[in-house]
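A.B. asks: Protein sequences appear in the order of chains A and B. According to our numbering, numbering within the first sequence proceeds without interruption in unit steps and concludes at 507. According to our numbering, numbering within the second sequence proceeds without interruption in unit steps and concludes at 1014.
These aren't lab readings, by the way, just hints derived from the structure by calculation. Hints are not guaranteed to be accurate.
[To be verified] Quick list of the computed label-pair ranges, beta carbon to beta carbon:
| id | chain 1 | residue 1 | chain 2 | residue 2 | range |
| --- | --- | --- | --- | --- | --- |
| 1 | A | Gln48 | B | Gln1013 | 54 to 64 Å |
| 2 | A | His308 | B | Cys552 | 16 to 26 Å |
| 3 | B | Pro788 | A | Glu5 | 46 to 56 Å |
| 4 | A | His488 | B | Leu548 | 33 to 43 Å |
| 5 | A | Gln507 | B | Asp509 | 45 to 55 Å |
Source: prediction; values computed, not measured. C-beta atoms are modelled at their ideal positions from N, C-alpha and C, and glycine is treated no differently.
There are 2 protein chains.
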Amino acid sequence: MDPEEFRKRGKEMVDYVADYLEKIEKRQVFPDVEPGYLRTLIPDCAPQDPESFEDVFKDIEKIIMPGVTHWHSPYFFAYFPSASSFPALLADMLCGGIGCVGFSWVCSLGYIYIAMRLFSLFFFSSQAASPACTELETVMLDWLGKMLSLPEEFLAGKDGQGGGVIQGSASEATLVALLAARTKTIRRVQSEKPELTEADIMGRLVAYASDQAHSSVERAALIGGVKMKNVPSDDTFAVCGSALKKVLDEDKASGLIPFFFCATLGTTPCCSFDKLLELGPICNNENIWMHIDAAYAGSAFICPEFRHLLNGVEFTDSFNFNPHKWLLVNFDCSAMWVKKRSDLIGAFKLEPLYLQHHHQESGLVTDYRHWQIPLGRRFRSLKLWFVLRMYGVTGLQEHIRKHVRLSHQFEHLVLQDERFEICAEVVLGLVCFRLKGSNELNKALLKSINEAKKIHLVPCHLREKFVLRFAICSRTVESTHVKFAWQHISQLATELLKTWEQNGHQQ
Amino acid sequence: MDPEEFRKRGKEMVDYVADYLEKIEKRQVFPDVEPGYLRTLIPDCAPQDPESFEDVFKDIEKIIMPGVTHWHSPYFFAYFPSASSFPALLADMLCGGIGCVGFSWVCSLGYIYIAMRLFSLFFFSSQAASPACTELETVMLDWLGKMLSLPEEFLAGKDGQGGGVIQGSASEATLVALLAARTKTIRRVQSEKPELTEADIMGRLVAYASDQAHSSVERAALIGGVKMKNVPSDDTFAVCGSALKKVLDEDKASGLIPFFFCATLGTTPCCSFDKLLELGPICNNENIWMHIDAAYAGSAFICPEFRHLLNGVEFTDSFNFNPHKWLLVNFDCSAMWVKKRSDLIGAFKLEPLYLQHHHQESGLVTDYRHWQIPLGRRFRSLKLWFVLRMYGVTGLQEHIRKHVRLSHQFEHLVLQDERFEICAEVVLGLVCFRLKGSNELNKALLKSINEAKKIHLVPCHLREKFVLRFAICSRTVESTHVKFAWQHISQLATELLKTWEQNGHQQ
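Chain A with its partners taken away, still in its complex shape:
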């Protein structure tokens, strides 16, 4: 394909994407296919000779779309939002076109690590994998940090010790924070008790998170080869200081070394908030790295009326949220900040020698490959740059506020129906609700909702209760869609209750 054909096909693809998003609500939100559907539709192996764009293009509707869950449909109320906006799509096209592989300001590419360790780096001062890629990221994370009123310490500025980085997902951010904490703690304990080996210490380290926390915390501990324990949440599904203190005291008494606590702001099941102001001082006193996972809720903190939910961030070592969830930046863009970049770098950096460059790790130059799991990285900050500028802070605040308004609209509809109950406080864009009655009844309701495929929801479990989660997701969802969803759910509930009554089921 030459540039001329790309111009033609690219424009056709732009129209296809615009059509897709413009008319998405006419598509059934959830696909009908059975496992293995796709393999039967395409050949067993790659073609020997080139096929035309037309041939590939027509297969999008024939082969791909039948198996797509339409995450941006205004009838999609499952999981949490997955961001999508036109400015982000435009930025991603540019990112693909430039196609640089950014990892560091100076050339010190992982590839060339062998070289880097072995000779002096003096002549690299003017070399770069791509300065623009690194520098825009640092500045965009400062912009974003200011929008959240993060404490100054988390910003890179011109000579700050902290700063932000774009990770692929909140899971990666949690893992990176845990690894940094692990290294820092091992070094500290070894300096206090030189008789202990690294393996001795590793075997005694314990990480903690709420029993409502995302599975990625447990996974990070598994990868990092350390123990992980859940801290019981209270009746608002939040972890409070006394609960953490109790577990820490028990564990320390039995010779373990608490080293990492991941607080959640906006838990996955019901969007509850751990009590930072109680937890922070405890972690600080105990030399425990405190990380905040605010994957979904973090975007809301750009609105002054929700910023109080982040109070206590000043006690933490690292903070993360996903603009690719609720801030209109397409996946992937997970923003992470640390107070001391040297802690992160210490977890990954292998030898001090290739640090000798005078540009390295000032506020000006950042070697992001030391901040993350993969070495290569896309030019993801372009998406942030386009979205922040083309929406402006006010445009993004409007988006958040609209979603919160719609969730309260849904909450009110639920509350007006005596057959239903609300299961957790509605703070942002998520409503947890259920039919008053058994878990079996609610499972049957969810099944009938998802089998009808007019809307899409997923459930959660809050203590013993099976609960339906109604998350405001799509950028284009409006009050009419919420009303439709409620009428649909209400009608299915009526039918279900009738059937159950007829069949003598216990509700």
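Add chain B to chain A, keeping to what the hints say.
C.D. replies: Relative to the frame of chain A, chain B by itself:
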């Protein structure tokens, strides 16, 4: 921005990208900027009110491009190629438009893990985060595996035990393999010696790779909390069986537990190849997980004349290469296969309960979130699908062969000049060369090349020698560019030698 404006702006962006790539050779391959250049060009914080697309668009040339290293310029001969092609760009636009977050066939999203562990999954049978995203990936990795003539065991097929997955980078693939090996070995050792704790075993595990291997292996061991040792390579920079055997025997004698060996096919410094046929049987006998990192060279194995370099893959547990390097699929797309998917899954999966779904992990349905570090994933298989179909196997083979031809052209030019020497066998698209003389002389040559900014190279160190790497990178590089590069290098060498002679330097 509404869909109508997106149509207009999207088409402008397509033209911008087409113009950029069509005229890229007119841009200086390497930027002139100094660290911190970008921060001075843009505001301190995000705008309150929306800016227009025009305002953002004009800043691309003003703010971004001055700091971009043009990786796709035909004058870029640094690192290894970073793939770019028009079909991949089109596929990525579609990926952005669909914007699904694929992680599993069935809904079992990491988010909802809390729910998943707590209740029966019967009603998830027809739910999916996006079946198309998962299924296309499985089938594309089978296509690609067949193109490389991977042993049948590595393919998913309809009911295979192996299969492929797209990772973000070779580093992630190495880490995932190492973690799987770690879990498998801990389980085996614990079953043999139940008196050992996990921490005891962890403290004795050792991973191995060539002294020429990529730093990501060392990094994976660091993350996984295990020791890592380099195995000395021979005078062709390859690891042979006896070298590995020697290290293993020593380590076992001192009570360590060897568990993982990462063989490299196409090392970063000079594209050397570890001797799989000698190493494989040793690893198999010693219960050591053998992983192949063929990040760059792997793409060449689609050509029958290079496939012999992969002989011995049948002994290994996992294999990885990067289509985003040399197979015209834009970053990120790193292809990884395993013989036993259950080994990978075992390393990550936290509880058996949420495995109870009958669709789970057959050849038909794959839960890729158990195969990788992040939980969410883009619809990256679309890029493979577009590229494999629109180039065809023959088109991709032509691309590889052209690059290999050009590297041999450069090699011949070097060999005709008695002042220079070739430092390692030229097998694929990389030529390692230097001036006969001191390392200082060669450092000075590289400095003068990169300061002139007409072409861009990076160096490596082979044993004691400072060496220049000339990698054929761009999709559009032609014989004329290679000739130009050589004439330029040759002329700079003449000038340098003259200056050094005048100044009485030792060459």
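A.B. asks: Indicate, hint by hint, whether the structure satisfies it.
C.D. replies: Evaluated hints:
In this structure the supplied range 54 to 64 Å holds for Gln48(A) paired with Gln1013(B), their Cβ-Cβ distance being about 57 Å. The given range of 16 to 26 Å is respected by His308(A) and Cys552(B), whose C-beta atoms sit roughly 21 Å from each other. Range check, Pro788(B) to Glu5(A): about 50 Å between beta-carbon atoms, so the 46 to 56 Å window is met. Distance hint check for His488(A) and Leu548(B): the Cβ-Cβ separation is about 51 Å, which falls outside the suggested range of 33 to 43 Å.
Between Gln507(A) and Asp509(B), the C-beta spacing of about 47 Å keeps the proposed range 45 to 55 Å intact.
Hint check: a violation occurs at hint 4 only; the rest are consistent with the structure.
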